[in-house]
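Visitor: As a plain string of letters, each chain reads:
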Amino acid sequence: SQTIHQWPATLVQPVGSPLSLECTVEGTSNPNLYWYRQAAGRGLQLLFYSVGIGQISSEVPQNLSASRPQDRQFILSSKKLLLSDSGFYLCAWSVIQGGYTFGSGTRLTVV
Amino acid sequence: SQQGEEDPQALSIQEGENATMNCSYKTSINNLQWYRQNSGRGLVHLILIRSNEREKHSGRLRVTLDTSKKSSSLLITASRAADTASYFCATDAWGTYKYIFGTGTRLKVLA
Chain A
227 SQTIHQWPAT LVQPVGSPLS LECTVEGTSN PNLYWYRQAA GRGLQLLFYS VGIGQISSEV
287 PQNLSASRPQ DRQFILSSKK LLLSDSGFYL CAWSVIQGGY TFGSGTRLTV V
Chain B
91 SQQGEEDPQA LSIQEGENAT MNCSYKTSIN NLQWYRQNSG RGLVHLILIR SNEREKHSGR
151 LRVTLDTSKK SSSLLITASR AADTASYFCA TDAWGTYKYI FGTGTRLKVL A
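Top line first, the protein sequences correspond to chains A and B.
What the first sequence shows, in our numbering, is residues 227 to 337, in sequence order.
What the second sequence shows, in our numbering, is residues 91 to 201, in sequence order.
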């Protein structure tokens with residue numbers, strides 16, 4: 227069966243520190259992978275998506291970057307966090323024109 | 091820009107009543123999906139309806155799609171306290187791999 231792992235569940239980081247969030251998928255090959263951010267009480271904002279290894283599309287200019295070093299691994303990074311980077315980060319995978327399967331999310335608080 | 095917009099933003103009903111949420115979108119789509127999010131959790135896929143479908147059912151859920159009006163509705167019948175959550179619609183822009191989420195409807199079912 228397909229599963230998606232996202233960690234950590236919560237993270238508190240100081241302003242200016244680096245960030246690395248990892249997402250891995252099991253049980254499927256060549257999935258489309260996505261990173262979304264959700265501000266408190268708001269909808270989801272698409273940050274990055276990837277249709278293959280090394281292929282990253284950025285949706286919103288920002289302080290973040292993404293990489294896909296392996297078929298089923300998607301990493302969200304920042305060199306220097308800003309207060310505005312706080313939020314709930316969700317990783318998801320899908321097959322073409324199929325529904326998303328979401329990870330459990332990482333709540334990031336930048337202090 | 092936001093593709094999907096849910097209406098109402100918040101809805102409070104008594105257990106046993108029906109809950110209806112609406113979603114409007116802007117561009118042509120391949121399909122539309124509805125998701126549920128419990129507080130502080132990841133999103134759970136509920137239903138996917140394709141652009142050539144008009145209605146779809148899953149248990150107590152009924153989704154309609156009107157492509158001429160660019161709108162969809164989600165009906166939850168005989169609501170339960172456990173249905174309390176935020177509900178989001180998501181649409182894919184034609185020819186892309188990405189889904190854009192609306193701002194969500196916060197449903198509260200009172201026991």
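Take these hints with a grain of salt, some might be off.
Going by beta-carbon spacing under 8 angstroms, a handful of chain A positions derived as facing chain B [claimed, not checked]:
#, residue
1, W233
2, L237
3, I279
4, R298
5, I301
A short list of chain B residues far from chain A (calculated; beta carbon distances all over 12 angstroms) [claimed, not checked]:
#, residue
6, P98
7, D182
8, T193
In silico contact screen, one side only, chain A against chain B (beta carbon under 8 angstroms); selected entries [unchecked claim]:
#, residue
9, G269
10, L270
11, L308
12, S310
13, V321
14, G325
15, G329
16, S330
17, G331
Note that these hints are calculated values from the structure, not bench results.
In this text, a Cβ means the ideal position worked out from N, Cα and C, and glycines have one as well.
Visitor: Look at each hint and say if it fits the structure.
Guide: So, going through the hints one by one against the coordinates:
1. W233: Since chain B brings no Cβ nearer than about 13 angstroms to A/W233, farther than 8 angstroms, the hint is violated.
2. L237: For A/L237, the interface hint is violated, since the closest Cβ of chain B sits about 14 angstroms away, which is over 8 angstroms.
3. I279: Because about 15 angstroms separates A/I279 from the closest Cβ in chain B, which is outside the 8 angstroms limit, the hint is violated.
4. R298: violated, 16 angstroms
5. I301: violated, 18 angstroms
6. P98: Check passes; 14 angstroms lies beyond 12 angstroms.
7. D182: Contrary to the label, B/D182 does not stay out of reach of chain A, its closest Cβ about 7 angstroms off (not over 12 angstroms).
8. T193: At roughly 4 angstroms from the nearest Cβ of chain A, B/T193 sits no farther out than 12 angstroms, so the non-interface label is violated.
9. G269: Holds - the Cβ of A/G269 comes within 8 angstroms of chain B, reaching about 4 angstroms at its closest.
10. L270: holds, 4 angstroms
11. L308: It is violated, given that the least Cβ distance between A/L308 and chain B is near 23 angstroms, above 8 angstroms.
12. S310: Status violated, d = 19 angstroms.
13. V321: The hint is violated - A/V321 has no Cβ within 8 angstroms of chain B, the shortest such distance being about 10 angstroms.
14. G325: holds, 4 angstroms
15. G329: holds, 6 angstroms
16. S330: holds, 5 angstroms
17. G331: holds, 5 angstroms
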